[in-house]
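Turn these sequences into a full structure, and let the hints steer you where they fit.
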Amino acid sequence: MIQNNPISRIVAHIVLIIGILIVAFPIYYAFIASTQSLQDIMRPPLSLLPGGHFWENYTTALFGGIGRIGGVGVGRLLINTTIMALAIAVGKIIISILSAYAIVFFRFPGRMIFFWLIFITLMLPVEVRILPTYKVMVDLGLIDTYTGLTVPLMASATATLLFRQFFMTIPGELVEAARVDGAGPWRFFKDILLPLSKTNIAALFVILFIYGWTQYLWPLLMTNRNDMTTIVIGLRKMISFADADTEWHLVMVTCILAILPPVLVVVLMQRWFVRGLVETEK
Amino acid sequence: MASVELTNVRKVYAGAVEAVKGVDIAIKDGALCVLVGPSGCGKSTLLRMIAGLESITDGTVKIDNKVVNDLGPAERDIAMVFQNYALYPHMKVYDNMAYGLRNRGMPKDQIDKRVREAAATLELTHLLERRPKELSGGQRQRVAMGRAIVRNPKVFLFDEPLSNLDAKLRGQMRVEIKNLQRQLGVTSVYVTHDQLEAMTLADILVVMNAGAVEQIGAPLDIYEKPASTFVASFIGAPPMNLIPVTSDGSGLILKDGTRIGAQGLAVTDKDAIIGFRPEDLEVATGTESHVGGLLLDLKVLGVEPVGAESYVYGIIGGERVVVRVAGRSVSQPDDHLRVIIPKEKLHLFGGNGKRL
Numbered sequence: 001m002i003q004n005n006p007i008s009r010i011v012a013h014i015v016l017i018i019g020i021l022i023v024a025f026p027i028y029y030a031f032i033a034s035t036q037s038l039q040d041i042m043r044p045p046l047s048l049l050p051g052g053h054f055w056e057n058y059t060t061a062l063f064g065g066i067g068r069i070g071g072v073g074v075g076r077l078l079i080n081t082t083i084m085a086l087a088i089a090v091g092k093i094i095i096s097i098l099s100a101y102a103i104v105f106f107r108f109p110g111r112m113i114f115f116w117l118i119f120i121t122l123m124l125p126v127e128v129r130i131l132p133t134y135k136v137m138v139d140l141g142l143i144d145t146y147t148g149l150t151v152p153l154m155a156s157a158t159a160t161l162l163f164r165q166f167f168m169t170i171p172g173e174l175v176e177a178a179r180v181d182g183a184g185p186w187r188f189f190k191d192i193l194l195p196l197s198k199t200n201i202a203a204l205f206v207i208l209f210i211y212g213w214t215q216y217l218w219p220l221l222m223t224n225r226n227d228m229t230t231i232v233i234g235l236r237k238m239i240s241f242a243d244a245d246t247e248w249h250l251v252m253v254t255c256i257l258a259i260l261p262p263v264l265v266v267v268l269m270q271r272w273f274v275r276g277l278v279e280t281e282k
Numbered sequence: 283m284a285s286v287e288l289t290n291v292r293k294v295y296a297g298a299v300e301a302v303k304g305v306d307i308a309i310k311d312g313a314l315c316v317l318v319g320p321s322g323c324g325k326s327t328l329l330r331m332i333a334g335l336e337s338i339t340d341g342t343v344k345i346d347n348k349v350v351n352d353l354g355p356a357e358r359d360i361a362m363v364f365q366n367y368a369l370y371p372h373m374k375v376y377d378n379m380a381y382g383l384r385n386r387g388m389p390k391d392q393i394d395k396r397v398r399e400a401a402a403t404l405e406l407t408h409l410l411e412r413r414p415k416e417l418s419g420g421q422r423q424r425v426a427m428g429r430a431i432v433r434n435p436k437v438f439l440f441d442e443p444l445s446n447l448d449a450k451l452r453g454q455m456r457v458e459i460k461n462l463q464r465q466l467g468v469t470s471v472y473v474t475h476d477q478l479e480a481m482t483l484a485d486i487l488v489v490m491n492a493g494a495v496e497q498i499g500a501p502l503d504i505y506e507k508p509a510s511t512f513v514a515s516f517i518g519a520p521p522m523n524l525i526p527v528t529s530d531g532s533g534l535i536l537k538d539g540t541r542i543g544a545q546g547l548a549v550t551d552k553d554a555i556i557g558f559r560p561e562d563l564e565v566a567t568g569t570e571s572h573v574g575g576l577l578l579d580l581k582v583l584g585v586e587p588v589g590a591e592s593y594v595y596g597i598i599g600g601e602r603v604v605v606r607v608a609g610r611s612v613s614q615p616d617d618h619l620r621v622i623i624p625k626e627k628l629h630l631f632g633g634n635g636k637r638l
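Residue numbers (our numbering), protein chains in the order written: chain L, 1 to 282; chain P, 283 to 638.
Just so you know, these hints were derived from the structure itself, not from any lab.
One or more hints might be untrue.
To be verified - Far from chain P, by Cβ distances over 12 Å, these chain L residues were calculated: (1) PRO109; (2) TRP116; (3) LEU140; (4) PRO171; (5) ILE192; (6) LEU196; (7) LYS198; (8) ASN226; (9) TRP272.
What the hints assert, rightly or not - Calculated lysine to any residue pairs in the SDA-like style (CA-CA distance at most 25 Å, straight line): (10) L:LYS190 - P:THR482; (11) L:LYS198 - P:ASN366; (12) P:LYS310 - P:THR482.
Here a beta-carbon is modelled for each residue, glycine too, at the ideal position from N, C-alpha and C.
Written out as C-alpha cells, the structure is:
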C-alpha cells in the first residue's frame, strides 16, 4: 500500500490538505467572525484575519448575558451542558457496566429475558418514545431540572452490549482464579473487571459525552427557562429569522465555545485510552 | 496439609450427561495424586469439583476429614494452578501473588514476608515489579505457582499446568513441581493428559476413562499390571501391543489362523487379548525355553532409530506391533524373526478388555 513514488506522495498530500481545509475552514471562519464587531460581520466581505474585538465579544457572551435568550450568559449554558453531558456519560457507563456484569457473570432466572429486554430497546430510539417519556417527566414535575434532562437518556442498550461483548472475552479461568483467591462478586468487579475495562470505559466516555453534548430534541422539550437550557438550544434561540435581530458576533462566539469542551474531552481522553491500549493485555 | 477423600462422587449435567460416574479416591496427607486420561474423561470436572468451582451432583468430597461439598472455593483452603495460568493481567507479579492474601485480610507486613519468601523459592524476586505480559511462558507458570504457594493452602490443585509450555521447559518444570511439592509436603491433585507427566509425578496415579476410574495405584504398579486394555494402551509410550486372539480350549488362535502354544495359560474366555510391552520381546535363538511364554513370528515392516534405542515396527498374526530394541537394530524390512514373550511379561485380557 505504501509507495515511495514522489508524485503519488505529492498527490496524496494535496488530497489530504484539501480535505483538512474543507473541514477546518468553516471553523476558522467562525472563529474570525467571533472576533469582529457586528457591523463588520454585516458588511461583507468578511476579513480572513482576526478582528480586534476578541476580548470584548467573549466576555460579553460569557458573562454579560445575551438579549435573545433572556439575558443569560453563555457561561451558564456551558455549565448546564457540561452537567448534562457528564451526567449522561457517567450515568450510562455505570448503569450499562453493572447490567452487563449481571448478565454475563451471574446465573439467575430470566437472565435471557432481561438481556433481550435491553436488546429490544435498541430498536426504540429516543424520538419514538419521546411523547410518553415527556408525559412522565411532566407528571413528575421534572421540567426545567437536571434530573429531567439527563435521567431519560441514561439507559443505554448500546453500551450494555458493548460491555457484554467485552466481558465475554474475559477467560473463565480468570474468574475462577479470583474465586479461589477469595474475591466475592463485588471485589471481583472492583479489583479485576473495572481495571480491565479501563480502555472501554474511556472510549465510551468520549462517545457518550459528545452524544450528551449535542442533544437537541430532548433539551428542547424539557426546558422552558432560558437559564436551564443547553448551549445547542441556546444557540438555536439566539438566531432570529430576521437577520438584523441576530447578534452574529455573539452567535459565533457561542459556536466556538460550544466546540471547545468536546474537543478537549477527545484530546485528553484519547491520550488516556491509547495508553490503556498499550498497557493492558488479556 | 490434609488428606483428600472422594466418595462416590458423581457429576450429572443438565441434559442427563453423566460426566463423572461415581468416583472413589483417597489421597493421603502430603501425597501427589495425578488424574490422567484422554480429553473428555471427566478428570478436569473432578478436579473442579474438588476446587468447588463445579457443583457436586452426588457423593462427598472431604478435605482434612471435613465434608466440603457446600463450601465455596475460597473456604475450602485450596489453591489452584490453571492451564492458562489465569494471572491478573493488570496487576504486577507482586500483586498477583498478594491478592488472595489481601482478600483474606492478612496484615500487610505478613503478606510482604510471604510473597517475598515464595518469590525467593521460585526465583521470581527480580520479576516482582513486572506485569504478566512482560514475562515468558515459564515465568508466568512460576508466578501461577507462586500465587498458589503463598496461600499455604491445605491442597494444591493443578489443571494441566504444563500443557502450554514447550517440551524442554515442560520437562524442567515437571521436576521443579515435583521437588516443590515434596519440599512443601502439601497434598496435591494434578490433572494431565500426558502419561509421561503422570508417570513421573504421581505418588498415586488415577487413570480415568469416560467418567469412571479405570485403575488406581502406584505408577509402576499400573505400568506393570494394567487392569484393562485401556490402561495398557494409555500408560507407556509406545503403548502396549495388544493382539486379539480366540481360544478353543486347547490353545490360542491368532486372527490370521496361526495357532500358538499356550502351555500354562488359563484362558477360559472364547475371545481374549494378549498384550506385551514393546521392550519385553526377546528374539529367539532356538535354544531357550519358553515354558508358559509365547513363541511368535514377527514380520518386520520398518525400523525407526531414535539414538539410544530403536523401534522395530512389524506384524504378528495380522496385527501391527512395535518392539523397542536397545541401541541399533540390525533388522531390515521384510525380515522374519522368531520372538518370545516371556511368561511373566505377558498380559492377558478378556474379551471385555479387563485383565484376566
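message: Hints numbered earlier in the text: which of these fail when held up against the supplied structure?
response: 4, 5, 6, 7, 10
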